[in-house]
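If you want the building blocks of each chain, they are given just below.
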Amino acid sequence: MWRAELRHLFRRTVVRVQLVVLFLVPVLLAVAVKLAGGPADGQGPSFLDEVSHNGVFAALAGLTVCIPFFLPLTVAVVAGDSIAGEASLGTLRYLLTRPSGRARLLAVKALAVVVYSVAAALAVALGGLAAGAALFPVGPVLGLSGTSFSLADGIGRTLLAAVVVGLSLLGLAAVGMFVSTLIGSPVGAMVITAGTVVAALVVDSVPQLAFAHPWLFSHDWLAFGDLLRSPVTWGGIGRDLLLQVGYVAVFGAAAWARFTTRDVLA
Amino acid sequence: MVTEGLTKRFGELAAVDGVDLSVPAGAVFGFLGPNGSGKTTTIRMLLGLISPTAGSWSLLGREMPAAAEVALPRVGALVEGPAFYPWLSGRDNLARFDAAGPDGQRASRAARIEAALARVGLTAAAAKRYRAYSLGMRQRLGLACALLRPRELLILDEPTNGMDPQGTREIRNLIRDLASDGTTIFLSSHLLSEIEQICTHAAVMSQGHLLAQGTLAELRAAGEARVRVGVDDPSRAGEILARLGLCDVHVAPAEGVVSARLDAGGPADAARCCRELVEGGVEVSSLATVRPSLEELFVALTGEGFDVAR
Ligand SMILES: Nc1ncnc2c1ncn2[C@@H]1O[C@H](COP(=O)(O)OP(=O)(O)OP(=O)(O)O)[C@@H](O)[C@H]1O
Ligand SMILES: [Mg+2]
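For the record, the sequence lines run as chains A and B.
When you line the first sequence up against my numbering, it's residues 1 to 266, in that order.
When you line the second sequence up against my numbering, it's residues 1 to 310, in that order.
The hints are all genuine.
Now the in silico label distances, taken between C-beta atoms and shown as ranges:
hint : chain 1 : residue 1 : chain 2 : residue 2 : range
1    : A       : Leu6      : B       : Ala67     : 26 to 34 angstroms
2    : B       : Glu114    : A       : Val202    : 52 to 60 angstroms
3    : B       : Gly5      : A       : Ala103    : 22 to 30 angstroms
4    : A       : Val17     : B       : Val2      : 45 to 53 angstroms
5    : B       : Ala118    : A       : Ala134    : 45 to 53 angstroms
6    : A       : Val17     : B       : Ala67     : 39 to 47 angstroms
7    : B       : Glu69     : A       : Arg258    : 15 to 23 angstroms
8    : A       : Thr260    : B       : His209    : 26 to 34 angstroms
9    : A       : Arg258    : B       : Ala54     : 21 to 29 angstroms
10   : B       : Ala67     : A       : Val202    : 45 to 53 angstroms
11   : B       : Pro24     : A       : Val250    : 45 to 53 angstroms
12   : B       : Pro102    : A       : Trp234    : 41 to 49 angstroms
13   : A       : Ala212    : B       : Arg149    : 49 to 57 angstroms
The list that follows gives simulated cross-link-like pairs (lysine to any residue, SDA-like), each with its CA atoms no further than 20 angstroms apart:
hint : chain 1 : residue 1 : chain 2 : residue 2
14   : B       : Lys128    : A       : Arg12
15   : A       : Lys34     : A       : His53
16   : B       : Lys128    : A       : Arg11
17   : A       : Lys34     : A       : Val138
18   : B       : Lys128    : A       : Thr13
19   : B       : Lys128    : A       : Leu89
20   : B       : Lys128    : A       : Thr91
21   : A       : Lys34     : A       : Ala130
22   : B       : Lys128    : A       : His8
What the hints contain is simulated information worked out from the structure, not anything from laboratory work.
Cβ atoms here follow ideal geometry from the backbone N, Cα and C, with glycine treated the same way.
Just need the whole structure built from these sequences, with the hints factored in.
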């Protein structure tokens with residue numbers, strides 16, 4: 001059943017377009033750097049100043065640019081649509097009488113959202129690696145702490161960073177799926193979920209609300225950069241992933257409680 | 001399939017109120033009722049899509065909703081019209097639903113799908129996107145989905161809605177075929193003539209209440225029989241029938257017909273009418289005892305009005 005669900009998801013035009021656009025973002029960055037020259041060292045989004053020295057950084061710059069809003073937005077679309085989309089088409093009643101089992105259906109949908117989330121981040125990384133390799137020299141990667149990694153190691157760390165980014169969106173995905181079980185309209189669920197991202201980013205930027213910052217699902221989204229240190233400092237990434245687990249537990253349980261008991265009238 | 005005191009409230013409104021249905025195995029059961037009488041709501045409860053406010057029910061002899069995982073795979077359903085993914089073809093839509101539950105072995109999936117498509121006459125349009133389907137084609141695909149595997153019970157909410165006459169006939173034949181294989185069929189419909197043709201049993205709902213249920217013969221017997229006599233002098237015939245003590249005498253001079261209710265007397269009374277009329281000098285050209293049609297019965301039970309009751 002989960003294979004069928006994945007095939008179903010990745011067949012959708014919206015999903016394919018999102019992945020292609022995510023792939024193109026770092027390509028665009030790389031082209032811009034090629035045409036206009038990179039920012040001065042230390043300026044602009046992190047890693048962007050390095051792109052002209054080493055193409056691998058186009059992937060990391062792409063992740064940095066996409067993580068605050070674009071990646072979460074596409075995850076909000078997929079998570080918000082997960083249940084509400086089926087409800088609004090009316091297909092939910094036929095899936096449930098098949099019977100798919102409500103808990104099983106929710107689990108399969110959740111798995112599909114996880115796979116999408118990681119795939120989306122990987123699309124950015126792969127776009128960056130492809131464009132970087134095409135437009136700039138690639139070679140051993142100079143890490144953040146001054147040591148340099150072999151090219152293979154650098155690419156491996158970049159892909160791992162993408163996976164971490166994908167996983168760090170799961171808190172948001174859980175919120176989105178919960179909203180999707182509450183609301184009949186998929187667009188409404190997407191908008192509300194995207195709204196929580198904006199709200200989290202706003203709260204995160206207000207120093208007076210510092211007490212709330214460590215609890216925001218977006219707080220440690222940039223921690224993936226720590227993978228480029230030697231040795232890797234896992235503190236930020238660990239904290240981030242633990243927080244995501246917390247969100248998934250809370251909102252996953254809420255979604256389960258709601259979805260397994262609600263009346264399906266659509 | 002049995003329900004006991006099945007009730008569903010939406011706020012104040014009791015959409016379904018204490019319904020005790022009993023659908024025997026092997027029956028073709030017509031579920032009738034005006035718009036908004038609670039048929040779809042009942043079907044949603046039967047399938048576990050919504051939980052009843054009160055009452056209990058069982059499917060295929062198993063207590064629901066606990067037995068949903070065992071009972072539902074043996075039940076095919078069409079609820080409130082078909083629903084599919086507009087961007088997928090008919091065939092891909094069926095594949096999606098086939099894969100979305102238990103015992104959907106991949107090896108035999110294609111064969112199951114082709115058989116279901118053929119059964120509803122949709123093979124030629126199977127590769128078309130659902131978006132491009134006509135109303136009747138959509139309805140057929142919904143039926144195909146319900147027939148993806150052998151079922152012991154089919155719950156069909158207005159299965160011929162939007163179908164052309166050939167389609168309606170085909171569906172009728174399909175239902176007869178399925179019934180003769182022993183499948184129990186529970187179908188709601190507004191087409192009384194259709195119910196009359198294919199059903200063995202029926203139930204009538206109105207404003208959430210179950211007004212009557214039973215075999216068609218039982219239901220018809222519940223309606224009063226009338227004697228209907230064709231005569232040359234209706235007004236005189238009317239007087240004679242009234243003198244005989246028959247109730248509800250109705251004279252239709254234009255048609256040359258008198259009729260009256262046959263109470264306990266039944267056939268004996270009808271024969272007596274004939275004799276008395278002839279002896280009274282009235283020429284009798286025809287005489288029949290008529291049972292009300294299902295439509296008359298339906299209107300008698302649920303009232304005449306055109307407006308939805310609530
Ligand atoms: N989600 C809902 N919220 C509130 N009331 C509802 C809801 N769904 C149905 N109802 C009400 O319940 C009653 C029964 O509706 P139902 O859909 O079961 O009727 P029906 O017999 O299937 O009618 P039709 O012949 O038009 O299909 C109606 O009065 C309707 O307004
Ligand atoms: Mg209905």
